[in-house]
Structures are given as C-alpha cells and as structure tokens.
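Chemist: Chains as they are written, first to last, in UniProt numbering: chain V, 1 to 120; chain W, 1 to 120.
There's no promise every hint is true.
Put simply, identical chains are the same to the list, so a pair is met inside one copy or across any two.
DSSO-like cross-link-like pairs, simulated, lysine-lysine; straight-line CA separation at most 27 Å [to be verified]:
1) Lys85 <-> Lys61
2) Lys85 <-> Lys36
3) Lys9 <-> Lys55
4) Lys34 <-> Lys3
5) Lys80 <-> Lys3
6) Lys3 <-> Lys61
7) Lys3 <-> Lys63
8) Lys63 <-> Lys100
9) Lys80 <-> Lys55
10) Lys3 <-> Lys85
11) Lys7 <-> Lys55
12) Lys71 <-> Lys85
To be clear, the hints were calculated from the coordinates, so they are not data collected in a lab.
What follows is the residue order along each chain.
Number of protein chains: 2
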Amino acid sequence: MEKVNVKEKFSLFNDHWNPRIAGEVNDSHIKLAKLKGEFDWHHHEQEDEMFYVVKGELLLKFKDSEDVLLKEGEFLIVPKGVEHKPVAEEEAHVILIEPKTTLNTGNIKNERTRENLERL
Amino acid sequence: MEKVNVKEKFSLFNDHWNPRIAGEVNDSHIKLAKLKGEFDWHHHEQEDEMFYVVKGELLLKFKDSEDVLLKEGEFLIVPKGVEHKPVAEEEAHVILIEPKTTLNTGNIKNERTRENLERL
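Take these sequences, add in the hints, and give me the full structure.
Modeler: Here you go:
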C-alpha cells in the first residue's frame with residue numbers, strides 16, 4: 001500500500017494520449033493521462049469511462065448530444081456505447097477511471113491504440 | 001450525461017461520515033464524503049476502496065502496517081480485507097471509489113452504517 005501523489009506522478013511522463021496505470025480498485029483501473037490536441041471518435045462497447053480533469057480543460061464532443069467542457073475539478077462519466085471525441089486545446093491532465101478491459105481507442109484500433117499500459 | 005463539479009457538490013451537504021453518490025462507472029460508485037474525527041476500525045471483505053483527498057488531510061490507520069497520511073491531491077487504495085481506521089483531525093473532503101456493494105462500515109454494522117446513500 002503506497003499513497004499516490006497525483007501531481008508527482010504526472011511529472012514522470014510528458015507524452016500525450018498515452019495513459020498510465022496509477023492504481024486498481026477491484027475491476028477498475030485508475031489511469032493518468034496528458035491530453036493535447038484532438039483524439040479520434042470512438043466508443044466503448046461495454047465500459048463506462050470517467051474523465052476527471054485535474055489541470056487544464058477538456059472538451060468532450062458527442063455526436064448525439066451537446067458537447068461538454070470540463071474544467072479543473074470537474075468530471076463526466078461517458079456511459080458505454082456513447083460515441084465521443086476528447087479534445088484539449090491546451091495540455092490537460094486527466095484521471096481516467098474505467099474497467100480494466102477498456103482500450104483507449106475503444107471500438108477502433110489505430111496508431112493511437114495503447115495496450116499493456118505502463119504502471120507508474 | 002451531466003458534468004459534476006466536485007467543489008459545488010461538496011457545498012450541498014455538511015454532515016460527516018455520510019457518503020453521497022456522485023456517479024457510477026460500471027460496477028463502481030464515485031462517492032463524496034466529508035470526514036471529521038475518528039471512524040471505526042473495519043475492513044471490506046470483497047472490496048478495494050480508494051480514498052482521494054481533495055481538501056484537508058486524512059490519516060489512514062492500519063493494524064498491520066504503517067499509517068498513511070493523505071494530503072490534498074493524494075490517494076491510497078486500501079485492498080480488500082485490510083483492517084483500517086480513517087481519522088481526520090480537521091474536516092477533510094474525500095472522493096471514494098469502490099464497488100457499489102461497499103458498505104461504509106465494512107464488516108461491522110452500527111449507528112454509523114449508512115445504506116441507501118443519497119445521490120447528489
């Protein structure tokens with residue numbers, strides 16, 4: 001059992017769209033990710049996904065509902081099946097909480113897909 | 001899909017040791033709790049429990065290992081089965097992430113047990 005200082009862990013990496021695992025709570029992973037720019041449209045067939053912004057701002061775009069801009073200290077849970085596209089104009093630091101089975105690009109596989117995530 | 005501003009949600013209640021549900025991610029609940037004083041020793045038979053401090057400080061006492069003091073922006077995951085006692089000298093605001101089945105007092109039931117938690 002070791003405590004995690006979120007800011008310290010974020011200082012350990014600098015690349016974008018490459019989530020790291022910072023902890024596990026039963027079937028869920030706690031991941032840290034630095035996001036900048038536009039990600040791909042995707043959805044997760046079976047998994048809800050929580051985005052919690054700890055620094056910066058994250059725009060979550062949706063095809064079937066209004067976009068949501070998350071600021072520091074705000075979170076949104078994207079339910080399974082919902083098509084979404086994360087966009088960060090400036091770098092955002094985000095905690096992701098989602099089932100361990102969740103793939104970052106969801107239903108698609110491309111050059112941004114990350115598997116076997118690093119543990120912090 | 002509505003975003004949650006954590007600070008705003010914490011402003012909606014004032015009692016201690018009475019977690020509210022702020023979201024659900026598949027089998028897990030995201031709970032907010034204000035803690036002050038000493039809670040009871042307990043463990044959760046089947047559930048890991050994550051304590052993420054967003055304001056103040058939380059001391060987690062353990063019978064079989066060193067106590068851990070969590071400050072703002074730090075979290076600890078207490079694995080299932082591990083006896084623990086949360087203590088907050090001053091009021092602490094804490095996000096709890098744990099399976100929906102988790103009871104706040106774990107293996108014991110007493111006057112501090114909270115069931116059918118309020119949703120924020």
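Chemist: Please sort Lys3 with Lys63 into within, between, both or neither, judging by C-alpha distance up to 27 Å.
Modeler: Only across copies: Lys3 and Lys63 sit 17 Å apart there, 38 Å inside one copy, limit 27 Å.
Chemist: At most 27 Å between C-alpha atoms: does Lys80 with Lys3 qualify within a copy, between copies, both, or neither?
Modeler: between (30 Å within a copy, 16 Å between copies)
Chemist: Within, between, both or neither: how does the pair Lys9, Lys55 come out at a Cα-Cα threshold of 27 Å?
Modeler: both (13 Å within a copy, 19 Å between copies)
Chemist: Classify it for me, Lys71 with Lys85: is the Cα-Cα distance of at most 27 Å met within a copy, between copies, both or neither?
Modeler: within (16 Å within a copy, 33 Å between copies)
Chemist: Can you tell me if Lys63 and Lys100 fall within 27 Å by alpha carbon in one copy, between copies, both or neither?
Modeler: within (25 Å within a copy, 30 Å between copies)
Chemist: Between the shortest in-copy and the shortest cross-copy C-alpha distance, which are at most 27 Å for Lys85 and Lys36: within, between, both, or neither?
Modeler: within (12 Å within a copy, 40 Å between copies)
Chemist: Classify it for me, Lys34 with Lys3: is the Cα-Cα distance of at most 27 Å met within a copy, between copies, both or neither?
Modeler: both (21 Å within a copy, 20 Å between copies)
Chemist: Given a CA cutoff of 27 Å, do Lys3 and Lys85 count as a within-copy pair, a between-copy pair, both, or neither?
Modeler: between (32 Å within a copy, 16 Å between copies)
Chemist: Have a look at Lys85 and Lys61 and pick one of within, between, both or neither, based on CA distance no larger than 27 Å.
Modeler: Result: close within a single copy only, 5 Å intra versus 41 Å inter.
Chemist: Are the CA atoms of Lys7 and Lys55 at most 27 Å apart within a copy, between copies, both, or neither?
Modeler: Both: 9 Å inside a copy, 15 Å across copies.
Chemist: If the cut is 27 Å between Cα atoms, do Lys3 and Lys61 qualify within a copy, between copies, both or neither?
Modeler: between (33 Å within a copy, 13 Å between copies)
Chemist: With identical chains treated as interchangeable, where does the CA-CA distance between Lys80 and Lys55 reach 27 Å or less: within a copy, between copies, both, or neither?
Modeler: within (25 Å within a copy, 31 Å between copies)
In the structure shown, no violation is registered for any of the earlier numbered hints.
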